[in-house]
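Using the sequences plus the hints, can you model the full thing?
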Amino acid sequence: MGALPIVEHPAAAAKFVANRERMAWHDKALWFVREKRDRMAHSLPEWEWLRETASAIKQHTIAALPEYLEQFEAAATRQGAHVHWAADAEEHNRIVLRILEEHQVRRVVKSKSMLTEECHLNPFLERHGIEVVDTDLGERIVQLRHERPSHIVLPAIHIKKEEVGDTFHEHLGTEAGAADPQYLTEAARGHLRDKFLAADAGITGVNFGIAETGGIVVCTNEGNADLGTSLPPLHIACMGIEKLIPRARDLGVFTRLLARSATGQPITTYTSHFHGPLRESDGPEGSGRTSGELHIVLVDNGRTRIRDSQEFRPALGCIRCGACMNTCPVYRRSGGHSYNAVVPGPIGSVLSPAADPAAHQSLPSACSLCGSCTDVCPVRIPLHHQLLAWRRELASRRLLPASKRWAMDAASQLMRHPRLFAAAGWLGRQALRITPRFLVYNRLNTWGRRRELPEPPRESFREWWKQNRESQSHD
Amino acid sequence: MRVGLFVPCYIDQFYPDVAVATVEVLERFGVEVDFPTSQTCCGQPMANTGCAEAARPLALRAAEIFAPYTHVVCPSGSCTSMVRNHYDAYFSDEEDDHGLRSKTFELCEFLHDVLRVESIGGSFPHRVGLHQSCHGLRELRLGWSSETMTARDDKVSRLLRTIEGLELVPLKRPDECCGFGGTFAVQEADVSAAMGCDRIEDHLQAGAEVIVAGDMSCLMHMQGLLRRNRQPLQVMHVAQVLAGRPLPSDRRGAIREREVAAEEVAANLRPAAPPSRTPRRETAESLEATKLQGDV
Chain A
1 MGALPIVEHP
11 AAAAKFVANR
21 ERMAWHDKAL
31 WFVREKRDRM
41 AHSLPEWEWL
51 RETASAIKQH
61 TIAALPEYLE
71 QFEAAATRQG
81 AHVHWAADAE
91 EHNRIVLRIL
101 EEHQVRRVVK
111 SKSMLTEECH
121 LNPFLERHGI
131 EVVDTDLGER
141 IVQLRHERPS
151 HIVLPAIHIK
161 KEEVGDTFHE
171 HLGTEAGAAD
181 PQYLTEAARG
191 HLRDKFLAAD
201 AGITGVNFGI
211 AETGGIVVCT
221 NEGNADLGTS
231 LPPLHIACMG
241 IEKLIPRARD
251 LGVFTRLLAR
261 SATGQPITTY
271 TSHFHGPLRE
281 SDGPEGSGRT
291 SGELHIVLVD
301 NGRTRIRDSQ
311 EFRPALGCIR
321 CGACMNTCPV
331 YRRSGGHSYN
341 AVVPGPIGSV
351 LSPAADPAAH
361 QSLPSACSLC
371 GSCTDVCPVR
381 IPLHHQLLAW
391 RRELASRRLL
401 PASKRWAMDA
411 ASQLMRHPRL
421 FAAAGWLGRQ
431 ALRITPRFLV
441 YNRLNTWGRR
451 RELPEPPRES
461 FREWWKQNRE
471 SQSHD
Chain B
476 MRVGLFVPCY
486 IDQFYPDVAV
496 ATVEVLERFG
506 VEVDFPTSQT
516 CCGQPMANTG
526 CAEAARPLAL
536 RAAEIFAPYT
546 HVVCPSGSCT
556 SMVRNHYDAY
566 FSDEEDDHGL
576 RSKTFELCEF
586 LHDVLRVESI
596 GGSFPHRVGL
606 HQSCHGLREL
616 RLGWSSETMT
626 ARDDKVSRLL
636 RTIEGLELVP
646 LKRPDECCGF
656 GGTFAVQEAD
666 VSAAMGCDRI
676 EDHLQAGAEV
686 IVAGDMSCLM
696 HMQGLLRRNR
706 QPLQVMHVAQ
716 VLAGRPLPSD
726 RRGAIREREV
736 AAEEVAANLR
746 PAAPPSRTPR
756 RETAESLEAT
766 KLQGDV
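Residue numbers (the working numbering), protein chains in the order written: chain A, 1 to 475; chain B, 476 to 771.
These are calculated hints, taken from the structure and not from any lab test.
Built from N, CA and C at the ideal position, the CB exists for glycine as well.
Hints are not guaranteed to be accurate.
In the DSSO-like style, the derived pairs of lysine-lysine whose C-alpha atoms are separated by at most 30 Å in a straight line are [stated by the list, open to error]:
1. 160(A) <-> 195(A)
2. 647(B) <-> 36(A)
3. 36(A) <-> 160(A)
4. 578(B) <-> 466(A)
5. 647(B) <-> 15(A)
Cβ-to-Cβ under 8 Å is the rule here; a few derived chain B residues that face chain A [said to hold, decoys possible]:
6. 482
7. 494
8. 495
9. 521
10. 614
11. 623
12. 624
13. 637
14. 659
15. 669
16. 695
Laid out in C-alpha cells, this is it:
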C-alpha cells in the first residue's frame with residue numbers, strides 16, 4: 001500500500017455521508033461502544049482521579065524519556081531480551097526483516113499493532129517473500145479484503161457482517177450468504193489455528209513497556225498475542241518509544257483505563273506480560289532455560305519531533321484506546337477511511353499532520369471543536385485544543401488554502417471598522433431580502449445546499465439600541 | 476451594577492431579538508446595561524480557522540472597548556469561551572486585556588453565578604429540548620458533560636426549570652454536537668448537515684416543541700435544516716425564553732420578531748392562549764441497534 005494519495009477529508013466524508021443508511025448504522029455502532037464506556041467509567045468513583053494520574057505519569061515519563069528508555073533497555077536485556085533501536089519506519093522494517101531472515105522465517109503471525117501499520121511492515125515483508133497473517137479477527141477481515149483498518153481498536157467496524165460473510169466465502173470457503181457472527185468467527189478461528197501452528201515467528205505490538213522491570217505488556221481480547229508468541233520460538237515486539245511507564249505499580253492505572261475507555265470492558269480478556277523470552281517452564285519444577293528469543297524493537301519515527309514541540313507533546317501520552325473515535329461525531333459519520341491516515345479520528349488528526357503536514361492539512365479542520373474527545377480521553381490529552389493549535393500551525397506555515405486566508409483577512413479588516421461593519425451588515429440584509437431565491441441559493445452557497453439562510457431582520461440590534469436605549473445612555 | 480453587553484456579530488445582524496431579550500432580562504434583575512457600539516466581532520471565526528494574525532487585532536480591540544466595565548455579559552457560550560479561554564494566545568505579557576478574560580460571562584452563567592438569581596418567573600407551558608452548546612458545556616462548564624464523571628450543576632436548565640409550565644424533555648444523546656462548528660458548517664457541509672439532522676431527530680422523538688440553546692449559531696444551523704426539511708419544530712435562544720417571549724407559532728421561527736410582537740398584541744386581545752401543538756413523530760430508530768454487536 002505504501003504512501004497514500006492525498007484526499008481531502010471533506011470529499012472523502014461526503015461519499016460516506018451519501019449512504020445515509022450505512023452512515024446511521026456506523027454512527028450507532030460506535031455510539032453503542034461510547035455508551036458502554038460511559039457505564040463502565042461511572043462504575044468507578046475514582047475515574048477522574050485515574051485520568052489525572054495517568055496523565056501525570058505519562059507527562060513525567062515523556063519528560064524523562066531518555067533516562068527511562070535506557071533503564072528499560074538495561075532491564076529488558078537482563079531479562080534475556082534483545083533490544084533494537086529504530087530511528088524511523090524504514091529502519092524498523094529492516095531490523096525486523098533481518099531478524100526474520102537470520103531465523104529463516106517464511107511465515108509470521110502478527111497480533112494487532114498500530115506501529116507496524118504506521119511503518120507499513122506487512123507489504124514490506126511480503127515483498128521479501130515472507131507471509132504475514134494478521135491474527136486479530138478484525139484485522140484479518142481487513143487484510144483479506146485488501147483494505148486498511150478504519151479504527152485502531154475496531155479495525156473492521158466499517159464492514160457489515162454480510163460483507164464479512166462474502167469475504168470469508170471467497171477466502172475461507174464458508175457457505176455463500178452465511179452471515180451469522182458465531183459461524184463466521186468459528187470459521188476464522190479454524191483458519192487462524194492452522195496459521196498459528198505453521199508460523200515460524202510471532203510479531204506483536206506493545207501496549208506498555210515497564211522501565212523498571214524491562215517487561216512488556218500486550219492487551220488483547222482474543223488471546224492471539226499469547227498464541228502467536230507461545231507456539232513459534234521467535235517473538236518480535238514492535239514498540240513506539242512513548243509506550244513506556246516507569247514502574248510495574250503504575251500499570252494498574254492504565255489497564256483500568258484502557259479497556260473501559262476502548263470497549264467498555266472492565267479489563268481486556270487477555271493482559272499478557274512478557275519478561276524476557278519464552279522459557280521451558282517458569283514453574284518451580286521447570287529448568288527455566290530459555291527456549292526462544294524475544295526481540296524488542298524501539299521505534300522513534302517522528303516521536304522525538306513531537307516530544308520537542310511544547311504544543312503537541314501531550315499527544316505522546318496516547319494509549320491508543322480509540323475512545324476519541326467512538327465519541328467523535330464527525331468520525332462516526334464520516335468513517336475511519338475518510339481520514340486517509342493510519343490513525344484516524346481526533347488523535348489521528350493531531351498525529352498525522354506531525355508526520356506530513358501538507359498531506360494531512362484538511363484533518364485538523366475535520367472537527368467541529370465540540371471537545372467531546374478532550375473530555376473522554378483517559379490520559380487527558382487536550383485533543384480539540386491541539387486540533388485548533390494545528391490550524392494555527394498550518395496557517396503560519398502557509399499550508400491553509402488561500403481562499404480561507406483571504407476571506408479571514410478581509411473579514412478581520414471589516415471588523416476593525418464598526419461603521420463599515422454596520423453598513424455591510426445593512427447592505428447584506430437588504431440584498432438578501434430582495435434577491436430572488438434561485439440567485440441566493442446558487443452553487444457557491446455551500447451553506448444553502450442543505451440549509452435555509454436566516455431570515456434577515458429589518459433592523460440590526462445596534463439600530464434598535466440607538467432608537468431605544470442610546471438616548472438614556474450615560475456616555 | 477453596570478455591565479457591558481457583548482453581542483456576537485451575527486446576533487447583532489441576524490437575530491437582534493436575542494440581544495433585545497438579553498437586555499430585558501438583565502434589566503429585569505436590576506442591571507444597568509450598556510452596549511458600546513464600537514464593538515464588532517470577537518475574532519472567533521478567524522481564530523478557529525487558524526488565522527491568528529487576523530484574529531489578534533480584534534481581540535486587542537475588544538479589550539479596549541470593554542475596559543470601562545467591571546462585568547461583560549454575552550448571550551453566547553462560544554463567544555464567551557473565545558474571550559475567556561482562547562484570548563491568551565493573542566495577548567503578550569505586556570499587553571493589558573483590562574481583565575476582559577476574567578470579567579466576561581455567558582448570560583446564564585452571569586445570572587446564576589454573579590446575580591445568584593433563584594427564580595426567573597413567568598410561564599412557558601411547553602415541552603423544551605435543551606441543546607447544550609458544546610463550548611458552553613465543555614469549555615465554560617455551564618453543565619455536566621456526559622463524558623466526565625464529575626457531578627456539576629447545570630446552570631442553564633436550573634434557570635429554565637424555575638419557569639412555570641416549562642418541561643425539559645429527555646434526549647437520547649443529551650450533549651452531542653449539532654455540527655455547526657463555525658466554518659466547519661461550510662467546509663464539511665455534508666457531515667455538518669448530517670449531524671444537525673440527527674440532533675433534530677433526537678429532539679423530535681423526545682416530543683419537544685422547541686429547541687432552546689445558549690448559542691444562536693447552533694440554532695441558526697438547526698433552524699436552517701428544519702426549514703429546509705419542513706419539520707415542525709421551533710428554535711429559541713435561552714435569552715428569549717428567560718425574557719418571557721412566547722413560542723413562535725410561525726413555521727419560520729423566532730427571528731421574525733415583528734410578527735412575534737404582533738402575535739403578542741393579538742394574544743392579549745384573545746380571551747385565552749391558543750392550544751399549543753405537540754408534535755410527535757415515530758422514528759425508525761434503533762431498528763439496527765440490536766444487530767450491531769456482532770459485526771466487529
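* Can the restraint linking residue 647(B) and residue 36(A) be considered satisfied, given a maximum Cα separation of 30 Å? -> holds (14 Å)
* Asked: Any CB of chain A closer than 8 Å to the CB of residue 669(B)?
  -> Holds, because the Cβ-Cβ distance from residue 669(B) to chain A comes to roughly 5 Å (cut-off 8 Å).
* Pairwise hint evaluation, residue 466(A) against residue 578(B), where the allowed Cα distance is 30 Å at most -> With Cα atoms ~25 Å apart, residue 578(B) and residue 466(A) stay inside 30 Å; holds.
* Was the hint right that residue 624(B) lines chain A, CB cutoff 8 Å? -> Nearest chain A Cβ about 4 Å off; hint holds.
* **Given hint residue 521(B) near chain A, where the shortest CB pair must fall under 8 Å** => holds (5 Å)
* Are the Cα positions of residue 647(B) and residue 15(A) separated by 30 Å at most? -> holds (27 Å)
* Asked: Can the hint on residue 614(B) be confirmed by a CB-to-CB distance to chain A that is less than 8 Å?
  -> Holds: closest Cβ of chain A sits about 6 Å from residue 614(B), inside 8 Å.
* Asked: Keeping to a limit of 30 Å between CA atoms, is the pair of residue 36(A) and residue 160(A) held or broken?
  -> holds (20 Å)
* Residue hint residue 659(B), partner chain A, criterion CB-CB below 8 Å -> OK, holds: residue 659(B) within 8 Å of chain A, min 5 Å.
* Asked: Are residue 623(B) and chain A close enough, Cβ to Cβ, to be under 8 Å, as the hint says?
  -> Interface hint status for residue 623(B): holds (5 Å vs cutoff 8 Å).
* Given residue 494(B) as an interface hint, is the shortest Cβ-Cβ distance to chain A below 8 Å? -> This interface hint holds because 4 Å falls under the 8 Å limit.
* Would the hint on residue 695(B) stand, with a C-beta cut-off of 8 Å toward chain A? -> At about 5 Å, which falls below the 8 Å cut-off, the nearest Cβ of chain A leaves the hint on residue 695(B) intact, so it holds.
In summary, the one numbered hint that this structure violates is 13.
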